[in-house]
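If you're matching them up, the sequences are chains A and B in order. If you read the first sequence in this note's numbering, its first letter stands for residue 21, the second for the next number, and so on. If you read the second sequence in this note's numbering, its first letter stands for residue 3, the second for the next number, and so on.
Misleading hints may appear alongside valid ones.
[To be verified] Footprint (simulated), chain B over chain A, 3 or more residues, beta carbon under 8 Å:
1. 54-62
2. 79-91
3. 111-124
Keep in mind the hints are simulated off the structure, nothing from the lab. Glycine included, each C-beta is placed from N, C-alpha and C at the ideal position.
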Amino acid sequence: MKFVISILITALLSFAFSLYAAFPWYTFAICAFVVALAIHQKPYKAFLAAFIALFLLWGIWAFLIDAANNHILSKKVAEILPLHGSSIAIILVTALVGGIVAGMAALTGSLIRKI
Amino acid sequence: MKYVYTAIAAIITIALIVVLNVQLPAGKSKTPRLGYFLSPQLGFWQNAETENTNFGGKLILPQLKGKADVYFDNRLVPHIYAENDADAYFLQGYLHAKFRLFQMEFETNVAGGRLSEMIGKDGLAIDKYFRRLGMVYAAENSLKVMEADPEIKAAMDAYTAGVNAYIQQLKPSELPIEFKLLNVQPEMWTNMRSALFLKFMSYDLTGQGDDDLLMTNTKNLLGYNLFQKLFPDRADSLDPILPIGTKFEKPSIIPKIPANIDSVYYGIAGGNTTAIPPIIPNKNNGSNNWAVNGTKTKSGRPILCNDPHLGLNLPSLWYEIQINTPTQNTYGATFPGAPCVIIGFNDSCAWGVTNAGRDVKDFYEMKFKDSTMQEYWFNNEWKKAEIRKEVIKVKDGPDDVETLAMTVFGPVMYDKSYQSKNKDGHYYAVRWKAHDGSNELASFYRLNRAKNYNDYQNAIGYFQCPGQNFAFACKNGDIAIQQQGAFIAKWKHQGEFVMPGTDSSYMWQGVIPNKENPLMYNPARGFVSSANQMAVDTTYPYYLGREGNFPIYRGIIINRFLSQMQNITPEDMMHMQTNNYNVFAEMARPALLKYLDEKQLTPVEKRYIDKLKSWNLVSDYDATAPTIFECFWDSVFVGTYADELNSTGLPYMWPDQSTLVEAMIKDTNYIFADDIRTKDVKENMQTIVQQACKKACAALEDIEKDGRLPWGKYKDTYIGHLLKIPAFSKLHVPIGGGTNIINATTSNHGPSWRMIVHLTDKTEAYGVYPGGQSGNPGSFYYDNFIEQWAAGKYYPLLFLTRDMAEKSSEIKWHLQCTNA
Numbered sequence: 021m022k023f024v025i026s027i028l029i030t031a032l033l034s035f036a037f038s039l040y041a042a043f044p045w046y047t048f049a050i051c052a053f054v055v056a057l058a059i060h061q062k063p064y065k066a067f068l069a070a071f072i073a074l075f076l077l078w079g080i081w082a083f084l085i086d087a088a089n090n091h092i093l094s095k096k097v098a099e100i101l102p103l104h105g106s107s108i109a110i111i112l113v114t115a116l117v118g119g120i121v122a123g124m125a126a127l128t129g130s131l132i133r134k135i
Numbered sequence: 003m004k005y006v007y008t009a010i011a012a013i014i015t016i017a018l019i020v021v022l023n024v025q026l027p028a029g030k031s032k033t034p035r036l037g038y039f040l041s042p043q044l045g046f047w048q049n050a051e052t053e054n055t056n057f058g059g060k061l062i063l064p065q066l067k068g069k070a071d072v073y074f075d076n077r078l079v080p081h082i083y084a085e086n087d088a089d090a091y092f093l094q095g096y097l098h099a100k101f102r103l104f105q106m107e108f109e110t111n112v113a114g115g116r117l118s119e120m121i122g123k124d125g126l127a128i129d130k131y132f133r134r135l136g137m138v139y140a141a142e143n144s145l146k147v148m149e150a151d152p153e154i155k156a157a158m159d160a161y162t163a164g165v166n167a168y169i170q171q172l173k174p175s176e177l178p179i180e181f182k183l184l185n186v187q188p189e190m191w192t193n194m195r196s197a198l199f200l201k202f203m204s205y206d207l208t209g210q211g212d213d214d215l216l217m218t219n220t221k222n223l224l225g226y227n228l229f230q231k232l233f234p235d236r237a238d239s240l241d242p243i244l245p246i247g248t249k250f251e252k253p254s255i256i257p258k259i260p261a262n263i264d265s266v267y268y269g270i271a272g273g274n275t276t277a278i279p280p281i282i283p284n285k286n287n288g289s290n291n292w293a294v295n296g297t298k299t300k301s302g303r304p305i306l307c308n309d310p311h312l313g314l315n316l317p318s319l320w321y322e323i324q325i326n327t328p329t330q331n332t333y334g335a336t337f338p339g340a341p342c343v344i345i346g347f348n349d350s351c352a353w354g355v356t357n358a359g360r361d362v363k364d365f366y367e368m369k370f371k372d373s374t375m376q377e378y379w380f381n382n383e384w385k386k387a388e389i390r391k392e393v394i395k396v397k398d399g400p401d402d403v404e405t406l407a408m409t410v411f412g413p414v415m416y417d418k419s420y421q422s423k424n425k426d427g428h429y430y431a432v433r434w435k436a437h438d439g440s441n442e443l444a445s446f447y448r449l450n451r452a453k454n455y456n457d458y459q460n461a462i463g464y465f466q467c468p469g470q471n472f473a474f475a476c477k478n479g480d481i482a483i484q485q486q487g488a489f490i491a492k493w494k495h496q497g498e499f500v501m502p503g504t505d506s507s508y509m510w511q512g513v514i515p516n517k518e519n520p521l522m523y524n525p526a527r528g529f530v531s532s533a534n535q536m537a538v539d540t541t542y543p544y545y546l547g548r549e550g551n552f553p554i555y556r557g558i559i560i561n562r563f564l565s566q567m568q569n570i571t572p573e574d575m576m577h578m579q580t581n582n583y584n585v586f587a588e589m590a591r592p593a594l595l596k597y598l599d600e601k602q603l604t605p606v607e608k609r610y611i612d613k614l615k616s617w618n619l620v621s622d623y624d625a626t627a628p629t630i631f632e633c634f635w636d637s638v639f640v641g642t643y644a645d646e647l648n649s650t651g652l653p654y655m656w657p658d659q660s661t662l663v664e665a666m667i668k669d670t671n672y673i674f675a676d677d678i679r680t681k682d683v684k685e686n687m688q689t690i691v692q693q694a695c696k697k698a699c700a701a702l703e704d705i706e707k708d709g710r711l712p713w714g715k716y717k718d719t720y721i722g723h724l725l726k727i728p729a730f731s732k733l734h735v736p737i738g739g740g741t742n743i744i745n746a747t748t749s750n751h752g753p754s755w756r757m758i759v760h761l762t763d764k765t766e767a768y769g770v771y772p773g774g775q776s777g778n779p780g781s782f783y784y785d786n787f788i789e790q791w792a793a794g795k796y797y798p799l800l801f802l803t804r805d806m807a808e809k810s811s812e813i814k815w816h817l818q819c820t821n822a
């Protein structure tokens, strides 16, 4: 239960803060960190919860934007980065970046809590 | 141990964020800040527009004086209805910024020598060039003149305020994607930026002046007599803008030829130069325009057509707009970066421009006391040079400072610190008409409101640089064309080579008065036209320059068509504007075949030559013969001149294609046919053509194996993004045409805006440009016109009254603008 709740809260907080564009892109890492401090879980669980939260948040968000855009921009950016022009690849990379950063922040939070 | 794990986790987390928050080196360039760039709430995802984006709504801008409405049609063209001109230009600025902010910032940074601020040290060569050309100095001078004109100042101020109103309310997430990629922020707009943009057009369209250095080398290499054969004054087949036989008044200025011209100027005393500019405006920068009067049209009303040929980029140079205020109702193509409509029409008339191509940029060799450039020798004394420091800021690097010595001629562009190749120690000052303050915007401002021929004359009188051929047609039936600009009254051949700058004898002696500029008003033949050819024949009392600066072939075919056509409709004009007939090949093919001995050809070669012989001379996308012709001709051209002009390390000027064609037609013993590298053999045109055919056919076999024999595939037209990012460019655009063809589309250059205006009671107009109204690569409107443009099709241009706009089914969005 704690696991699911921390996923939800991390995702919710990250989304809420990102609505204010004045915050930098990595604000979600602070959210993940704070949630891991507040909700006590085993470090690997904290990592996983935050990873899933941001993987899903960024992944679904990017997916929805991409669908509405008919993949026009994702294909172009996936040529620049370079990911062979694959929309799915750029969505996955986006989701992974969010997930890993959030996961590491939560892992840190969880470890600090243990001390 | 806990502490160690915690510390490691914390360090990895922070390191990840830091690495994702900076630009990482990737080959020659840099990545964007990846965390930021990929972030769905801030990064590139926010630039991905939905298909049903709403461009309408309510816009509250306290700077507006009254209410205004913007109606966007289904192509995203805004139709602005404002209660006053200031609000209209304010909204023009706002919309330019909303849809084209990146290109506005980028192009004006290029013009002002500030590219390095955006892209780092890779921009330095271009920045140095523009600073040293005196672009900033030129723009400052023009800004003073423009701001002294109250109407123009008001228009510029309103425009600038509009751009800035958009920038101020721009959310970080809405920043154009290119800014996100480069990790830079837009700057506030200024009137100076508009001035710089207009100077950039002057640079782009007066490029032939840069040839002076190469021409000097070529003259020194060949000697003046041989040089004259390579660069003749007139082409035999020239069909000028004003027909041969036009009578002219006596000139009011007769320039005095310097006394020592034979030894100092035509001789080789001037010395060679190794200086060459790092960038040169495209030689094909040119255009077509024509107007026919009611005697030639089916409706009995005039039709005006224009297609400016410029570099084809995304976002496009042009942005369509309609502006409706109590003083005007104007539609046309605008420059994101400046107020007013540049090429377009209003309720009474239409106008279009082509480049005049006359040389208003000359170089003078200066003598300085020492390398500090404090004093230069002029009119028998040491004269103090004003020193102007140009500081170029470089992103992620130290500043670069360019020291410009300002002389009576202009800035010393090339000196010991700046030569593109070897530092040979010469000082060259550049005298460029665009250095002088001028108010070209006043011409467009007044053309936008012109009601008749007199207004047109009045409006274009302000135009100084770059010289343009202004075609005009009016609903009352008038048509006209004038070559307008501040042209220099030059003695014959003045300024084609580097001139001595040690006294005033080689200086420009005066500007030809506007009323003596070539003009044709309601000619009996019923049409006016221009296609960058020389405006007049030799009876015109002023010197225009050498033939090589003026392409002749499009003019020939346009005038041929227009003289033959009767009962013309706009559809006929569409066919003509997109016509792919190659009149150059019509003249060059027989010249090639005349020298070719077909008995010597192998079966493979014979197959290509047979295709060339049976070609209908139309350079369509699918045709293979144009590729054969091009390869064969290029091979002959290079074969004829390479032995002379590739012979040493100095940069030389190559002649115009027309020079070789005309020589081949009339001169079987063409002096340049002999290969000067083979001392004991005397080659002739037969040898050249036969060898060239062999070489070309070998190359053609490879081209055919690659599947690139069809002309369109060989030429491979693309519309390139301003940052040269292939993913943001449109590659492999299926279109025919080419150099010397009315549809002048080469690989990355051609008709940047096609417009046809039928001046019936209710104006009927058509247009298309290879781009889209939105500059956002993530928009459905980024490149949606390209297919239509490539297919030679047009959009009907919606020229609406406010009532019509409210009701029109083709209007998709309504943006209500108020100040509270």
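Hints versus structure:
no.: 1; hint: 54-62; result: violated (count 0)
no.: 2; hint: 79-91; result: holds (count 7)
no.: 3; hint: 111-124; result: holds (count 7)
In summary, the one numbered hint that this structure violates is 1.
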